[in-house]
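Participant: What follows is the residue order along each chain.
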Amino acid sequence: MKPIQIEDVQNILETFENKDLYFHLETTSGAYAAQNKEKLAVGAYIRNGSLRFTNVKIAGSGPFRVGFKLQEGWMYAEGLTDYQLDDGRLLMAGHDKSGRLAVAVQLSYTPFD
Amino acid sequence: MEKQVLVVFPHPDDEAFGTAGLMTKFVNDGVPVTYACATLGEMGRNMGNPFFATRETLPEVRKKELKDACQAMGVNDLRMLGFRDKTLEFEDPELLVSTINKLVDELNPSLVITFYPGYGIHPDHDACGAAVVEAIKRLPADDRPTLYTLPITPDREAVLGKPDKVFDVTDVLDTKIKTIEAHRSQTEAMVARLEDGSLDPNSDIMTFIKQESFWIYPFDE
Chain A
1 MKPIQIEDVQ NILETFENKD LYFHLETTSG AYAAQNKEKL AVGAYIRNGS LRFTNVKIAG
61 SGPFRVGFKL QEGWMYAEGL TDYQLDDGRL LMAGHDKSGR LAVAVQLSYT PFD
Chain B
1001 MEKQVLVVFP HPDDEAFGTA GLMTKFVNDG VPVTYACATL GEMGRNMGNP FFATRETLPE
1061 VRKKELKDAC QAMGVNDLRM LGFRDKTLEF EDPELLVSTI NKLVDELNPS LVITFYPGYG
1121 IHPDHDACGA AVVEAIKRLP ADDRPTLYTL PITPDREAVL GKPDKVFDVT DVLDTKIKTI
1181 EAHRSQTEAM VARLEDGSLD PNSDIMTFIK QESFWIYPFD E
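In order, the protein sequence lines correspond to chains A and B.
For the first sequence, position 47 matches number 47 in my numbering, and the numbering has no gaps at all.
Numbers given in my numbering equal positions in the second sequence, counted from 1, plus 1000.
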């Protein structure tokens, strides 16, 4: 993956508009965060959800936010730092300084493995 | 001497710190060791700096590391059970139990090793341990293998008492460190310290690595 370049990612995102897509949406503080009772361990995960969006915008000056306007709702994520386009799939993720993933948004025309 | 050992953990690297030394000792003694690993640790968070993986390539990276770790220990029967990381507690428990039952039927182990359910910290650890306990509980009492369990919560000794078995693995420490190093995606920060010599041989972490402690699961109580 490489650091998000906002215009490039915006252009890629727009190619997915108004199409039937599979998405991966994930956020996690890590399962071991539960060890520290001061912290609330949180996470959410959707693998191969179905999605169709009419508008999309990536915003911020880094880390970035991305929001998808759906036909009947919204989806968004924040904290994104890096992206990669491989085999027509767009992978976006937010990594901390040591390279640990904290959030991920991925779009694909075919289901993820 | 054990006839056959079966180790069941949910993630590649779960064996590395707590059990790799004992597994190596069994291999060195000629005891067949089977390692059943339920998932490929697909949800690991460390992607490296610089990156060595994405969410989509991490499973292949960790599968390779798992194979390398088995090679380091000399374990040549690795079973990858095909579950997905962080989903074990949500699976139909019967699916997990029957998967482990089949392994137990096939291998007829004299010793099984897993996490102590309820003391695993990670939900997959608890679900894996609970499924192994249930699978063995279904055997007639006389046919049950010994079950070594690993509790990893900080309060383990306060609640469960002292471990029933403590193994000094200093004699196979080189192999154990190679096993830890094989899981580079998970252990690279520590591996760097092992390699540059900045880890004091008498430090807490090294003392911890040199000793492997197990609690024998009390089926009768």
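If you are wondering where the hints come from, they were derived from the structure by calculation, not from laboratory data.
All figures in this text were calculated on a predicted structure; none of them were measured in a lab.
For glycine and all other residues, C-beta sits at the position ideal for the given N, C-alpha and C.
Don't take every hint at face value.
To be verified - DSSO-like cross-link-like pairs, simulated, lysine-lysine; straight-line CA separation at most 30 Å:
#: 1; chain 1: A; residue 1: K97; chain 2: B; residue 2: K1067
#: 2; chain 1: A; residue 1: K2; chain 2: B; residue 2: K1210
#: 3; chain 1: B; residue 1: K1063; chain 2: B; residue 2: K1162
#: 4; chain 1: B; residue 1: K1165; chain 2: A; residue 2: K97
#: 5; chain 1: A; residue 1: K97; chain 2: A; residue 2: K39
#: 6; chain 1: B; residue 1: K1137; chain 2: B; residue 2: K1064
#: 7; chain 1: B; residue 1: K1025; chain 2: B; residue 2: K1003
#: 8; chain 1: B; residue 1: K1137; chain 2: A; residue 2: K97
#: 9; chain 1: B; residue 1: K1067; chain 2: B; residue 2: K1102
#: 10; chain 1: B; residue 1: K1210; chain 2: B; residue 2: K1102
#: 11; chain 1: A; residue 1: K97; chain 2: B; residue 2: K1025
#: 12; chain 1: B; residue 1: K1063; chain 2: B; residue 2: K1102
#: 13; chain 1: B; residue 1: K1162; chain 2: B; residue 2: K1067
#: 14; chain 1: B; residue 1: K1178; chain 2: B; residue 2: K1137
#: 15; chain 1: A; residue 1: K2; chain 2: B; residue 2: K1067
#: 16; chain 1: B; residue 1: K1064; chain 2: A; residue 2: K2
#: 17; chain 1: B; residue 1: K1137; chain 2: B; residue 2: K1003
Unchecked claim - Here are some of the chain B residues that sit facing chain A, going by a computed Cβ distance under 7 Å:
#: 18; residue: R1045
#: 19; residue: R1055
#: 20; residue: L1107
Unchecked claim - Partial selection, computed: residues in chain A whose CB lies under 10 Å from chain B:
#: 21; residue: K2
#: 22; residue: R65
#: 23; residue: Q84
Participant: Take the hints in turn and mark each one as holding or not.
Facilitator: Comparing the hints with the structure gives:
Only pairs whose Cα atoms come within 30 Å are accepted, and K97 of chain A paired with K1067 of chain B is accepted, the gap being roughly 29 Å. Note on K2 of chain A and K1210 of chain B: the hinted pairing is violated, with a Cα-Cα distance of about 40 Å set against a maximum of 30 Å. This hinted pair does not check out: K1063 of chain B and K1162 of chain B have alpha carbons roughly 34 Å apart, beyond 30 Å. Restraint check for K1165 of chain B and K97 of chain A: not satisfied, since their Cα atoms lie roughly 40 Å apart, outside the 30 Å limit.
At most 30 Å may separate the alpha-carbon atoms for a hinted pair to count; K97 of chain A and K39 of chain A meet this at roughly 20 Å. Distance restraint check for K1137 of chain B and K1064 of chain B: the Cα-Cα separation of roughly 33 Å exceeds the 30 Å cut-off, and the hinted pair is therefore not satisfied. A hinted pair counts as satisfied when its Cα atoms are at most 30 Å apart, and K1025 of chain B with K1003 of chain B qualifies at roughly 13 Å. Of the supplied pair hints, the one linking K1137 of chain B and K97 of chain A is violated, its CA atoms being roughly 46 Å apart against a limit of 30 Å.
At roughly 22 Å between alpha-carbon atoms, K1067 of chain B and K1102 of chain B fall within 30 Å of each other, so this suggested pair holds. Restraint check for K1210 of chain B and K1102 of chain B: not satisfied, since their Cα atoms lie roughly 33 Å apart, outside the 30 Å limit. For the proposed pair K97 of chain A and K1025 of chain B, the alpha carbon gap of about 39 Å is over 30 Å, so the pair is violated. Distance restraint check for K1063 of chain B and K1102 of chain B: the Cα-Cα separation of roughly 23 Å lies within the 30 Å cut-off, and the hinted pair is therefore satisfied.
Proximity of K1162 of chain B to K1067 of chain B is assessed by CA-CA distance (about 33 Å); at most 30 Å being required, the pair is judged violated. Taking the CA atoms of K1178 of chain B and K1137 of chain B, the gap is near 35 Å; set against the 30 Å cutoff, the hint is violated. With a CA separation close to 29 Å, the supplied pair K2 of chain A and K1067 of chain B stays within the 30 Å bound. Simply put, K1064 of chain B and K2 of chain A have alpha-carbon atoms about 24 Å apart, close enough for the 30 Å limit, and the pair holds.
For the suggested pair K1137 of chain B and K1003 of chain B, the alpha carbons sit about 20 Å apart, so the restraint of at most 30 Å is met. Given hint, R1045 of chain B at the interface with chain A, holds; its Cβ is 4 Å from that chain's nearest Cβ, closer than 7 Å. Given the 7 Å rule on beta carbons, the hint for R1055 of chain B holds: about 5 Å separates it from the nearest Cβ of chain A. Taking 7 Å as the C-beta cut-off, the interface hint given for L1107 of chain B is violated, the closest approach to chain A being about 29 Å.
With a cut of 10 Å, the hint placing K2 of chain A at the interface with chain B holds, because the nearest CB-to-CB distance is about 9 Å. The interface hint given for R65 of chain A is broken, as the beta carbon of that residue sits about 19 Å from the closest beta carbon of chain B, more than 10 Å. Hint on Q84 of chain A holds. Least Cβ distance to chain B is approximately 6 Å, under the 10 Å limit.
In this structure, the hints that do not hold are numbers 2, 3, 4, 6, 8, 10, 11, 13, 14, 20 and 22, in rising order.
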